[in-house]
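Chemist: As you go down the protein sequences, you meet chains U and L in turn.
Heads up: the first sequence at position 2 corresponds to 2 in our numbering, and the numbers run straight through without jumps.
Heads up: the second sequence at position 94 corresponds to 94 in our numbering, and the numbers run straight through without jumps.
Be aware that one or more of the hints could be misleading.
Unchecked claim - Calculated cross-link-like contacts (lysine-lysine; reagent style PhoX-like; alpha-carbon spacing at most 25 Å):
id	chain 1	residue 1	chain 2	residue 2
1	U	K97	L	K13
2	U	K42	U	K109
3	U	K2	U	K97
4	U	K2	L	K57
5	U	K97	U	K42
6	U	K67	U	K97
7	U	K56	U	K97
8	U	K42	L	K13
9	U	K109	U	K97
Rather than coming from a laboratory, the hints here were simulated on the basis of the structure.
Since this is a predicted model, take the numbers as computed values, not measurements.
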Amino acid sequence: QKEVEQNSGPLSVPEGAIASLNCTYSDRGSQSFFWYRQYSGKSPELIMFIYSNGDKEDGRFTAQLNKASQYVSLLIRDSQPSDSATYLCAVYSGGFKTIFGAGTRLFVKA
Amino acid sequence: KAGVTQTPRYLIKTRGQQVTLSCSPISGHRSVSWYQQTPGQGLQFLFEYFSETQRNKGNFPGRFSGRQFSNSRSEMNVSTLELGDSALYLCASHTGRGNTEAFFGQGTRLTVV
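Let the hints inform the model, and build the full structure from the sequences given.
Modeler: Okay, structure coming up:
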């Protein structure tokens, strides 16, 4: 079992819709959870982080964490073609090592 | 505030050679992590350095090594290159003060032929 799992996609949504990206992790002691966006040919950039159970909203983005289910998700409201990218889920469980999922490719159709 | 600087951006090497990649973190950041990114495997953790000390290492062979200097700049070295080492090598800068948000450089694209 991989430590951090994501559906590779591609996830295709129409412009203006809600995109829902999901991630599961195996270490129950995980402390911090991150979502990075990576455009093709570019490096990842941090868009959200969450430490506590529940929801965290930042503009059109909402991160959701459920530690009991070992599940973290990212919702993108009013999706735009510029949101088309690969979204990486990352989990920190201590030991100065952050584990990344393989990423979900999102395609927003205009 | 300058971002994370990785050099060189592109490299082409032949099998058996060695290569050294450089990373300068954000000013004031004392922690640097290195990752290998390939299409099939995603980002794989190589190692993390803080104040010139390696605090963790991923599951890579001993051909992969790194170091950090007193100014927080870091280098990674790959010896006896193999075709499978072709990848994007990313450096991430962290404050090192407990939080783990990563700020990535543009990466070094290594091609081994």
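Chemist: It remains to establish, for every hint, whether it holds in the given structure.
Modeler: Going down the list of hints, with the structure as the test:
{"no.": "1", "hint": "K97(U) x K13(L)", "verdict": "violated, 29 Å"}
{"no.": "2", "hint": "K42(U) x K109(U)", "verdict": "holds, 21 Å"}
{"no.": "3", "hint": "K2(U) x K97(U)", "verdict": "holds, 15 Å"}
{"no.": "4", "hint": "K2(U) x K57(L)", "verdict": "holds, 18 Å"}
{"no.": "5", "hint": "K97(U) x K42(U)", "verdict": "holds, 22 Å"}
{"no.": "6", "hint": "K67(U) x K97(U)", "verdict": "holds, 19 Å"}
{"no.": "7", "hint": "K56(U) x K97(U)", "verdict": "holds, 23 Å"}
{"no.": "8", "hint": "K42(U) x K13(L)", "verdict": "holds, 22 Å"}
{"no.": "9", "hint": "K109(U) x K97(U)", "verdict": "violated, 36 Å"}
Of the numbered hints listed earlier, those contradicted by the structure are 1, 9.
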